[in-house]
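Peer 1: So the chains spell out like this:
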Amino acid sequence: MADLANLELTAEERVRFVKDLNSILEYIGRLNELNTDDVPPMAQVLSSYGAGGETIGDKFAYAQRDDIPRPCLEHEEALKNAPDSDGNFFKVPKVIEK
Amino acid sequence: MNLNVLTVESTRVAIRERQFTAARLVEDFYRKIEAEDPVIHAYLTLCEDRALQRARRIDDLAGRGDPLPPLAGVPVAIKDVMVTKGLRSTAGSKILENFVPPYDCTAVERLETAGAIVLGKTNCDEFAMGSSNENSAYGPVCNPHDHSRVPGGSSGGSAAAVAAGTTVAALGSDTGGSIRQPAAFCGVVGLMPTYGRVSRYGLIAFASSLDHIGPLTKTVKDAAIVLRYIAGRDRQDSTSADVPVPDYEQEIEQPVKGLRLGVPKEYFGEGLDAEVRTVVEAAIQQLAEDGCQIVPVSLPHTPYAIPAYYVIATAEASSNLARYDGVRYGYRSPRAKTLSEMYRKSRDEGFGAEVKRRIMLGTYALSSGYYDAYYLKAQKARTLLARDFEQAFHKVDAIVTPTTPTAAFKLGEKADDPLAMYLADIYTVVADLVGIPGISVPCGQTKPGLPIGLQILGKHFDEGTILRLAHAVEHGRASAT
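Protein sequences, first through last, are from chains A and B.
Mapping the first sequence onto the working numbering, position 23 (from 1) lands on 23, and the numbers just tick up by one.
Mapping the second sequence onto the working numbering, position 456 (from 1) lands on 456, and the numbers just tick up by one.
Keep in mind the hints are simulated off the structure, nothing from the lab.
Every value quoted in this text rests on a predicted model; they were computed, and no experiment measured them.
Each hint should be verified, as a subset may be incorrect.
What the hints assert, rightly or not - Simulated pairs of lysine to aspartate or glutamate, DMTMM-like, Cα-Cα distance not exceeding 25 Å:
1) B:85 x A:77
2) B:94 x B:462
3) A:19 x A:8
4) B:414 x A:13
5) B:94 x A:37
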């Protein structure tokens, strides 16, 4: 799991997290008491959440704007916070490992 | 000038009437912060030059007799999860220790356009993950009412600064209770608006479907004023709703007589501290005497709120925090030789324990083979929780509960038990999941003098009603003393 999350974790952290996560997962397991066979999932408040929709409905129109190009962040500004840069690109260690 | 009693309302009048200048006020606030904040530790970054410059601009306008913007000269503090152009924004994390954003968060920009003056950025749990402010990479905040206790979290710095009088008002963010819970612990007003009411543009993302920005203030009227200026559609956030913003200041003056108030039995059961219960019940009784009709309601899926929340919030967080990779901004480990080592070491050295714990949990919930059992199941539970509220709101105009099961706990008390810490949000997480607005208003205190908050939950986009009720609670307390 740490690999998937791109985390290294020390040996101590690994022991601690296994213990913590097991107890949290056990608590989360109580969700299995619910019968959700005919219940649609709700990912977003703004989408209709399958609850009949009368309190939601048209109030929650997504804010939309026309697809027109607008000025974006200046190149120099975008690189200002870079840990390493050649003034033109972000620099990272070698990608291809031997 | 007694800075402790200044409100948004009184400050803007004083500036307008030139009882003092904005620059003088800002200077006085910084002297107070210098004297008192080393103990409280509510601020992470101060910006005195920037603030004074803006204050002088207000004073110039006033000097010429030009019209002043509505919040002219009102000092505010901003939770450090909101980005501020040219002003360091850390999200309470070491990974963003030197991050100076190139743009402004919409809510902050709107406050500044309205004339408010940012004093600084406030301490918080790292990436807003926590209920005690002890997860800040820059050290905890202490509760101004009792320095041995937590201010709540994750907007602990914002709540403590308002309570300590080192700002007039503050912005916080709420993903599972992070405005309302610290407001309750610190004895201030904390408002989480409807999802979509306030733009999230420039709010450093924790869980995008749950994150909200809202005010922490000394009075309900101040919360109404601040909300009015930060709310409304923003083209930079597609989830910001195109719904008209009413004049909340007028709405709170309407009588509460005849409003139907739901009291959910699930919020008054096991785990609720006896003293908190007594004080909250007395506040509800006071609202009944003001003419509200009290209606018992049931929100039967309440026990599933915390489990569903910790799946959904951590899943979204694991995805949102993938961006911290040491490439474009933020911390990069000097010890990495290869690209994959750079990702791992940067994240490992940059993130604190709770953030890693949540990334791990979220990654697990989203991983192949577990997605249906955890993430999808939690999203279905979220629907059931939303239906609970929809049904209740057929019968009532608002729902009243305690904000927290106990008053502020001791620093360190729950630091080693993540699950016990999560349960501090047991009464607040549901509103985030369902997207309805909620407010915490002080309604009394424990015998040793720790504040207790009453939570009022309303229908989508009906901040007016909960503000009106909170105003009545505040008024009831004022006339009782």
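Peer 1: Hints first: check each against the structure and report whether it holds.
Peer 2: Okay, the hints, checked on the actual structure:
With a C-alpha separation of about 11 Å, the suggested pair residue 85 of chain B and residue 77 of chain A falls inside the 25 Å cut-off, and the hint holds. Simply put, residue 94 of chain B and residue 462 of chain B have alpha-carbon atoms about 38 Å apart, too far for the 25 Å limit, and the pair is violated. The hinted pair formed by residue 19 of chain A and residue 8 of chain A meets the criterion: a straight-line CA distance of about 17 Å does not exceed 25 Å. A hinted pair counts as satisfied when its Cα atoms are at most 25 Å apart, and residue 414 of chain B with residue 13 of chain A qualifies at roughly 18 Å.
A threshold of 25 Å between alpha carbons decides the hint, and for residue 94 of chain B with residue 37 of chain A the separation of about 43 Å lies outside it, so the pair is violated.
In summary, the structure is inconsistent with hints 2, 5 from the numbered list given earlier, while agreeing with the others.
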